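Student: Sequence:
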Amino acid sequence: MRPTGTPSVMVGRGAELRSLLDAFDDGRRGRPRAVLVRGEAGIGKTRLVQELLAQAAARRDEGLPLVVAVGQCVDLGPIGAPFGPIRRVLRDLHGEVGTDALREAAGSPAAVTALAALVPGLAPDAPADDEQAGEFAEAIEVVLESLSATRHVVIVIEDLQWADAATFALLKTLASTLRGRHLTIISTYRSDDIDRFHPLHPVLAELDRTPGLVRVDLEPLSLAEVAEQVSILTADGIDPQGVERLAERSGGIPFLVEELVDLGDRGLPDTLRDLVLARYTRLSDPAQETVRAMAAGGMHVDHDVLAAVSMLDDRTLDRALREAIDTRVVLAAGAGYSFRHALTREAVHGEMLPSERVRVHRAFAEYLQQNRPADSPDDVSAVAEHWLAARDLTAAFDATVRALRLSRASFAPATSVKLAERLTELWDQVPDAEARAGTSRPVLHLEAAQAWHDLGDAHRALRSANEGLAVCVDDPLTRAALLRQRFVEVFNAEHRERREDLEEAVRLLEGIDSTPAKALMSRAMSNLAISEHGREAADHASRAIELAEAAGDDAALAVALTIEGWRVSGDEDDQPAALRPLERAVALKLDPPLRAYAGSAHVDQLSRLGRFAEAAAVAERYYAEAVRAGIERGSGTSIAHGLAFALFAVGRPDDALAYATRARRLSDKASRTSAVRMTATHLAWNDEAAARAELLASERGSIDETKRLKPEKGAWWHLDKADAALEFTVGRPSPEADARRREALAGALEVVESDMEPATRRYAAVAASLLVASAPDEHGEERERLLRALDDWADHEINRRWGDYVRAALGDTGPAAERVARWRAVAAAPAGGGLLIWHVQVARLRLAEALIANGERDEAAHMLERILDEAPPQGVARVARWAKELGAHARLLGGADAAAASGAIAGLTPRELQVLELVADGLTNSEIGRRLFISPKTASVHVSAILAKVGAANRAEAAAIFAASSPSAS
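When we follow UniProt numbering, the leftmost residue of the sequence shown carries the number 1, and every step to the right adds one.
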């Protein structure tokens with residue numbers, strides 16, 4: 001019995017292949033898809049993807065040009081080169097579309113420069129000194145988005161379990177946002193390698209929440225499928241009992257089936273390791289030695305590298321390689337050789353003697369260091385790993401220093417922080433470490449803390465800051481910086497202020513008269529200002545600005561001015577004055593992250609002033625800049641959040657939802673739940689109750705966790721509930737709606753009377769006033785509380801405008817002419833003049849209601865028609881529904897509506913018609929019972945039957961249908 005080779009026909013996997021083909025076809029039709037293929041080692045993930053690519057290649061001539069790029073992750077240890085597999089993807093793209101097309105797809109010189117670090121020859125010239133290279137990750141997104149506009153781009157990334165941190169971050173963004181039109185992204189990973197401590201685990205957890213992600217789980221082959229695989233692999237076949245034994249012992253793992261078939265009648269090894277090594281152990285000594293040398297080099301080794309590290313002469317090496325290929329331990333691939341399966345490589349590497357491991361890894365390190373480009377992150381990172389395995393810590397340290405410099409230049413902070421931490425681990429074991437590193441150990445810890453902060457991991461940032469403080473004794477400037485960093489991270493990670501750290505940092509800096517010290521002192525004063533209120537906060541903010549100006553440090557000045565804007569807006573409630581420092585901050589020459597930081601505050605303050613249209617325009621510009629600079633996943637997310645709110649406010653819900661969704665997917669937990677709340681509020685106003693409930697249910701865990709960690713965020717949920725509880729009713733609301741209204745009103749009043757920032761309290765006051773107006777006779781006390789709160793508001797335009805709205809709502813029971821005047825003034829406010837479109841449409845509805853009461857029916861009808869026409873596309877469909885109900889009740893509906901309403905009640909009995917008429921008059925079940933001399937329970941039964949027959953969701957809808965069916969309605 002002889003093996004005939006790897007099957008050319010894939011066994012089983014029909015459903016899984018269909019899932020991949022469906023995702024492929026969706027991408028071809030302009031619906032981008034991301035696919036995760038997972039399964040244990042040897043299950044056939046690569047084979048499945050190869051089958052897809054083969055079928056895709058057969059359809060190249062159909063429709064759009066097909067571009068396929070494949071990246072293979074390689075196990076280079078915990079550090080790894082940043083964007084390892086993405087480099088291979090880029091080179092495939094370059095080979096497929098050419099230099100000119102790839103440059104055009106990059107879109108900007110900065111993006112081309114970023115990509116050129118990995119695609120030699122892409123950038124014709126070096127960038128000018130004042131031209132910043134764009135973020136590499138963002139450049140990749142832009143390239144894929146551009147290329148997929150006119151081509152079907154298929155990206156494959158294999159073996160994610162070995163991916164570097166930078167690749168994880170990029171994949172998470174690509175899969176969750178799918179910026180592209182004709183795009184299919186397929187990734188594979190070993191499920192049995194991923195435990196809760198693996199760095200891929202949190203990435204997968206986040207991807208699991210991504211709508212539209214296609215998951216393909218590969219299960220072991222069935223008995224019939226094992227039999228089919230065996231029939232392909234062998235010339236003579238195996239009897240059914242032998243197939244059963246093979247299926248049982250292999251567990252249905254295709255790779256192990258191949259191994260067991262190849263063993264023939266020989267006894268099985270005792271362990272999986274022996275089984276994986278079965279073919280290897282049959283090789284000659286030179287072939288085994290060659291394969292072990294290959295294993296030290298990774299999954300793939302170029303021939304020239306292998307020849308250099310091998311102890312064999314060229315002829316013997318060629319014979320050894322031929323033997324290994326013929327035995328199917330390795331295969332020829334490009335300019336070198338690859339293991340057929342990663343399990344084989346891992347097991348063979350484990351077979352190396354300690355002395356052999358040191359010798360071979362040293363040989364790899366020496367050859368790569370001498371013969372490969374010193375500016376290649378891949379090779380330099382590999383050199384560092386080889387020196388570590390060779391136990392030459394000094395050489396490993398030096399190589400890690402070089403890798404760190406290259407990593408920083410490649411825009412990979414996640415990889416840079418790991419390299420910095422590796423240096424601190426080796427520090428005590430290396431002579432002259434500070435001279436070799438060109439920096440001090442405390443500074444490395446500080447840089448690591450700042451990088452973890454930028455990556456949003458406050459706990460690791462805090463750990464790095466503490467480690468730096470433990471070794472920083474005689475450098476007051478660095479120690480002060482570490483203390484300030486610890487203050488920030490304790491607040492972010494533990495939600496408490498370690499003020500003693502900030503105070504000690506200030507004491508250390510007071511005696512240092514240098515530009516860096518002044519800039520750092522400015523940052524410390526800014527921290528103090530934002531954590532305080534009143535005169536003390538004002539003094540610290542003022543000093544922060546003065547110090548930054550004295551140091552000539554635009555970065556520190558931008559932070560100080562931004563915090564001054566927040567302070568004035570919150571502490572002094574002087575909204576126009578708060579805008580001035582922010583306008584000054586965004587005019588400074590800043591790096592992209594700080595410009596986004598100040599720009600986000602600028603957008604927020606414009607919205608607080610009710611200048612929503614301007615806020616949206618400014619935010620769109622800041623957001624585009626953040627995307628170009630590659631920081632969308634950092635400060636850009638807060639701009640996306642502010643932009644979404646401004647777009648909702650001006651009635652552009654589709655655009656707003658796109659930005660809210662992006663902010664939700666890319667934000668940390670607190671910002672994520674803020675985007676969820678904003679989206680939930682939109683869904684309430686747009687009459688999408690089911691979608692809102694589904695969203696909140698899906699995010700319940702993160703919402704509860706955020707409320708626990710940041711109780712102050714919970715107040716915003718009071719406002720979402722208040723908006724959701726608002727209901728325009730003809731007659732009394734249902735008991736359930738009444739209970740929701742009471743609960744929501746209590747929460748909104750809690751916010752109104754809190755010490756939250758003024759914009760939030762204004763919003764809460766409007767929501768509370770509308771809830772009071774829905775049942776004015778029941779909420780006299782709440783009305784007085786709201787009026788007292790208005791008396792405490794600062795006297796400026798935005799407060800006056802929102803105050804007029806609250807007073808109009810609270811005065812909704814007065815004479816009709818007065819109500820008309822009040823609501824006319826509110827509804828006549830210019831577009832973007834301080835009120836959200838939601839509240840503008842409610843004001844128009846209340847004006848129509850007052851006009852009807854005042855006998856001005858023509859104008860009321862015109863206003864209702866305007867609401868029906870404008871509100872739905874503005875994302876305010878609920879107010880349009882209220883307008884329709886009001887029009888029906890007031891006999892202002894047209895003939896078509898009346899005919900439909902007449903048909904709806906045609907099947908009612910005479911008694912039900914009597915009950916419905918009383919429902920339309922606003923009577924309760926008890927009142928109906930007394931009027932018709934029946935019990936309240938019988939009245940309730942009649943009402944339930946009526947609702948079912950006419951298809952009304954509640955009493956208000958039934959009343960509207962009755963009103964529309966009356967003869968006078970037409």
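Treat the hints as calculated values from the structure; they're not laboratory data.
There may be inaccurate statements among the hints.
Calculated pairs, BS3-like style, for lysine-lysine (alpha carbon to alpha carbon, straight line, at most 30 Å) [stated by the list, open to error]:
no., residue 1, residue 2
1, Lys172, Lys707
2, Lys949, Lys884
3, Lys949, Lys937
4, Lys589, Lys518
5, Lys172, Lys710
As the structure is a prediction and not an experimental result, all values here were calculated from the model.
Student: Indicate, hint by hint, whether the structure satisfies it.
Tutor: Going through the hints against the structure:
{"no.": "1", "hint": "Lys172 <-> Lys707", "result": "25 Å, holds"}
{"no.": "2", "hint": "Lys949 <-> Lys884", "result": "20 Å, holds"}
{"no.": "3", "hint": "Lys949 <-> Lys937", "result": "19 Å, holds"}
{"no.": "4", "hint": "Lys589 <-> Lys518", "result": "19 Å, holds"}
{"no.": "5", "hint": "Lys172 <-> Lys710", "result": "26 Å, holds"}
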